[in-house]
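Using the sequences and the hints, build the whole thing.
Position 493, counted from 1, in the sequence shown is what the numbering used here calls 496; the numbers after and before it change by one each time, with no gaps.
Worth flagging that the hints you see were computed from the coordinates, not collected in a lab.
Just to be clear, a hint being listed does not mean it is correct.
Heads up, simulated DSBU-like pairs for lysine-lysine below, C-alpha to C-alpha not over 35 Å straight-line [to be verified]: (1) LYS141 / LYS283; (2) LYS307 / LYS371; (3) LYS395 / LYS436; (4) LYS436 / LYS88; (5) LYS395 / LYS151; (6) LYS283 / LYS151; (7) LYS177 / LYS371; (8) LYS505 / LYS371; (9) LYS141 / LYS395; (10) LYS232 / LYS207; (11) LYS371 / LYS436; (12) LYS232 / LYS307; (13) LYS141 / LYS88; (14) LYS151 / LYS436; (15) LYS59 / LYS88; (16) LYS59 / LYS151; (17) LYS177 / LYS151; (18) LYS283 / LYS207; (19) LYS88 / LYS177; (20) LYS177 / LYS395; (21) LYS177 / LYS59; (22) LYS177 / LYS283; (23) LYS88 / LYS283; (24) LYS436 / LYS283; (25) LYS141 / LYS505; (26) LYS177 / LYS141; (27) LYS307 / LYS505; (28) LYS371 / LYS207; (29) LYS59 / LYS395; (30) LYS141 / LYS151.
These numbers come from a predicted model, not from an experiment.
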Amino acid sequence: MGRKLWPARAVYALAAGLLGASLAHGAEPQPRLKGSDTTVVRPGDVLPPRVAEPCKPGRCPFAGQHVTVLVAEGQGIGGPVLEIKPEFEAATGATLEIVQRSHEELFATLISDLTNRTGRYDACIAGAWWLGELVAGKHIVPYDRYYKDPRFPAWDIAEVLPAPRSLLEFGGHKYMVANDHDGQVMYYRRDLLADPQHRAAFQKAHGYPLAPPATWEQFRDIADYFNGKDLNGDGEPDHGLLLPLRAGVQGMFHFMSLSAPFVIGPDNPHLYWFDPQTMKPLLDSPGHVRALSMLVDLVQFGPKEMLNWDLGRGWDYFLSGRAALTLTWGDLGALAQQPGSRVRGKVGSAQLPGTFEYYDVGRHRWVKTERPNRVGNTTGGSWAGVISRDSKVPAATYYLLALMATEPKSRVYAARGWDGIDPGRRYHLLPPKGSGRLNDYLQAGWDATDVRQYLQAYDDTFSNPLQLPYLRIPGAFSYWQSLDLRLAAATSGQLSPQAALKAASVDFEEITVRLGRDAQRSAFRASLGLPR
4 MGRKLWPARA
14 VYALAAGLLG
24 ASLAHGAEPQ
34 PRLKGSDTTV
44 VRPGDVLPPR
54 VAEPCKPGRC
64 PFAGQHVTVL
74 VAEGQGIGGP
84 VLEIKPEFEA
94 ATGATLEIVQ
104 RSHEELFATL
114 ISDLTNRTGR
124 YDACIAGAWW
134 LGELVAGKHI
144 VPYDRYYKDP
154 RFPAWDIAEV
164 LPAPRSLLEF
174 GGHKYMVAND
184 HDGQVMYYRR
194 DLLADPQHRA
204 AFQKAHGYPL
214 APPATWEQFR
224 DIADYFNGKD
234 LNGDGEPDHG
244 LLLPLRAGVQ
254 GMFHFMSLSA
264 PFVIGPDNPH
274 LYWFDPQTMK
284 PLLDSPGHVR
294 ALSMLVDLVQ
304 FGPKEMLNWD
314 LGRGWDYFLS
324 GRAALTLTWG
334 DLGALAQQPG
344 SRVRGKVGSA
354 QLPGTFEYYD
364 VGRHRWVKTE
374 RPNRVGNTTG
384 GSWAGVISRD
394 SKVPAATYYL
404 LALMATEPKS
414 RVYAARGWDG
424 IDPGRRYHLL
434 PPKGSGRLND
444 YLQAGWDATD
454 VRQYLQAYDD
464 TFSNPLQLPY
474 LRIPGAFSYW
484 QSLDLRLAAA
494 TSGQLSPQAA
504 LKAASVDFEE
514 ITVRLGRDAQ
524 RSAFRASLGL
534 PR
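This is the structure in structure tokens:
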């Protein structure tokens with residue numbers, strides 16, 4: 004049976020009720036955690052090396068202590084914690100308890116424990132958008148005092164590329180121990196774009212050479228050209244692009260990444276979400292509206308069912324060779340290398356396309372650029388460990404998180420697909436940009452050309468001086484969930500792009516008022532590194 008679509012007003016009423024209830028109880032609704040939730044490919048068997056040697060009896064640094072960490076259930080981001088348990092216990096003399104909760108319950112479980120001062124959990128593998136709320140509530144403690152202490156596994160925060168590194172700190176203190184480094188890039192079928200027949204036909208149809216798109220207009224042309232063609236040789240028509248846009252899961256993330264170059268530019272590096280002086284929402288700016296108009300236009304070149312697909316279903320479609328283009332996280336590039344993939348050796352990667360014009364919100368005018376205006380992003384969770392202020396064993400807890408952050412383990416995590424841990428450190432990149440080893444990726448099943456382009460795409464994305472501002476304030480995902488529902492109304496044709504974003508701005512204003520404008524303004528300015 005098909006999924007019943009609710010009228011827009013009913014969806015908004017339900018969403019408003021859920022948002023109000025969640026805020027009243029201190030809980031934030033959650034997107035589905037990304038990870039190996041596909042059915043087309045099978046996980047590989049690459050394991051990280053042991054880093055910490057077993058301690059000698061009587062000399063175990065945390066003997067008798069008990070550490071409890073909260074993680075998302077299943078493999079995915081929580082998988083490496085399960086994997087490291089024996090090594091941690093043998094090295095420290097402590098015991099490790101791992102509590103798993105569904106993706107939807109994870110934040111609510113953590114915040115309930117923190118606000119009630121129960122002290123059930125010492126750590127959580129948390130999403131970066133939680134950090135503003137966790138710091139503002141003084142729910143977690145920084146690990147500055149442990150970071151260079153030789154008693155703990157050593158890892159180098161300077162190895163993390165500039166954009167994801169900014170998510171690990173808040174207010175000048177280190178709170179998140181590096182783990183996953185999220186950002187969205189473009190994936191395209193390299194074999195299709197290199198095919199002589201397609202190149203000749205595309206040139207004739209559009210008047211310029213077929214190549215990886217540098218602008219969203221070119222992205223649209225390529226999606227249009229390949230839409231309806233058989234892209235995997237099974238005799239069935241396929242699609243020009245794939246964008247899983249199911250509301251309540253991850254749809255708003257795609258809009259954020261796509262819209263960035265329509266709004267952010269050299270003359271406007273920060274004004275995307277709010278005016279930092281007044282907390283006035285900026286989502287209904289002409290740049291945002293043009294970006295959403297582009298997204299709505301692109302929908303016609305993908306399977307109509309993708310409006311109700313989550314990440315796993317969408318990734319399956321691309322891994323089956325049924326789409327020419329997509330934009331998503333690093334997981335897909337790694338999953339494409341695993342057994343069952345029909346696109347291994349065919350997947351090109353690049354930073355997301357840009358625009359030749361963006362709207363400067365501060366100056367209320369469009370600004371033209373000589374080259375495509377491309378903007379980096381850290382879109383997603385960038386899942387990493389945080390330490391509860393109520394932990395009675397913070398040192399042992401940091402030891403666990405630091406052990407996962409060590410270079411030998413991180414090299415393996417970034418190379419395999421199932422754990423959801425994406426690249427973002429210098430030693431993940433290949434020379435001359437970094438000290439990564441091609442053989443690490445080849446052993447994990449990668450095609451050499453695929454991985455070279457993939458890592459270049461992430462270097463370009465994370466090293467770009469222009470970055471989509473990451474929202475790290477209390478209620479961050481309440482804002483995002485509201486935006487997601489309004490975007491869904493636009494992509495399904497129930498609201499125009501302008502009306503959808505105007506409605507989202509009204510929602511944002513209501514959430515700000517509910518949480519307190521002054522407090523939100525202070526938190527937002529702090530998240531941007533501005534004086535409060």
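These are the hints, each one checked on the structure:
1. Restraint check for LYS141 and LYS283: satisfied, since their Cα atoms lie roughly 26 Å apart, inside the 35 Å limit.
2. For the hint pairing LYS307 with LYS371, the CA-to-CA distance comes to about 34 Å; that is within 35 Å, so the pair holds.
3. Of the supplied pair hints, the one linking LYS395 and LYS436 is violated, its CA atoms being roughly 41 Å apart against a limit of 35 Å.
4. Only pairs whose Cα atoms come within 35 Å are accepted, and LYS436 paired with LYS88 is accepted, the gap being roughly 33 Å.
5. Between LYS395 and LYS151 the alpha-carbon distance is near 21 Å, which keeps this suggested pair within the 35 Å criterion.
6. This hinted pair does not check out: LYS283 and LYS151 have alpha carbons roughly 41 Å apart, beyond 35 Å.
7. Between LYS177 and LYS371 the CA atoms are separated by roughly 38 Å; this puts the pair beyond 35 Å, and the hint is violated.
8. Among the hinted pairs, LYS505 with LYS371 is consistent with the structure: their alpha-carbon atoms are about 25 Å apart, no more than 35 Å.
9. Our distance criterion of 35 Å between C-alpha atoms is met by LYS141 and LYS395, whose separation comes to about 16 Å.
10. Distance check on the hinted pair: LYS232 and LYS207 sit about 17 Å apart at the alpha-carbon level, within 35 Å; holds.
11. Between LYS371 and LYS436 the alpha-carbon distance is near 31 Å, which keeps this suggested pair within the 35 Å criterion.
12. A hinted pair counts as satisfied when its Cα atoms are at most 35 Å apart, and LYS232 with LYS307 qualifies at roughly 16 Å.
13. Distance hint between LYS141 and LYS88 is fulfilled; the C-alpha atoms sit about 28 Å from each other, no more than 35 Å.
14. Simply put, LYS151 and LYS436 have alpha-carbon atoms about 26 Å apart, close enough for the 35 Å limit, and the pair holds.
15. About 18 Å separates the Cα atoms of LYS59 and LYS88, which keeps this hinted pair within 35 Å; it holds.
16. A C-alpha spacing of about 23 Å is found between LYS59 and LYS151, which places the hinted pair at or below 35 Å, so the restraint holds.
17. Of the supplied pair hints, the one linking LYS177 and LYS151 holds, its CA atoms being roughly 12 Å apart against a limit of 35 Å.
18. Restraint check for LYS283 and LYS207: the C-alpha separation of about 47 Å exceeds 35 Å, so the hint is violated.
19. Taking the CA atoms of LYS88 and LYS177, the gap is about 24 Å. The hint holds against a cut of 35 Å.
20. Restraint check for LYS177 and LYS395: satisfied, since their Cα atoms lie roughly 19 Å apart, inside the 35 Å limit.
21. Taking the CA atoms of LYS177 and LYS59, the gap is near 31 Å; set against the 35 Å cutoff, the hint holds.
22. Under the criterion of a C-alpha separation no larger than 35 Å, the hint pairing LYS177 with LYS283 is consistent with the structure, at around 29 Å.
23. A hinted pair counts as satisfied when its Cα atoms are at most 35 Å apart, and LYS88 with LYS283 does not qualify at roughly 46 Å.
24. Only pairs whose Cα atoms come within 35 Å are accepted, and LYS436 paired with LYS283 is rejected, the gap being roughly 40 Å.
25. As the CA atoms of LYS141 and LYS505 are separated by approximately 34 Å, the hinted pair is consistent with the 35 Å bound.
26. Among the hinted pairs, LYS177 with LYS141 is consistent with the structure: their alpha-carbon atoms are about 14 Å apart, no more than 35 Å.
27. Taking the CA atoms of LYS307 and LYS505, the gap is near 25 Å; set against the 35 Å cutoff, the hint holds.
28. Distance restraint check for LYS371 and LYS207: the Cα-Cα separation of roughly 28 Å lies within the 35 Å cut-off, and the hinted pair is therefore satisfied.
29. A threshold of 35 Å between alpha carbons decides the hint, and for LYS59 with LYS395 the separation of about 24 Å falls inside it, so the pair holds.
30. As the CA atoms of LYS141 and LYS151 are separated by approximately 23 Å, the hinted pair is consistent with the 35 Å bound.
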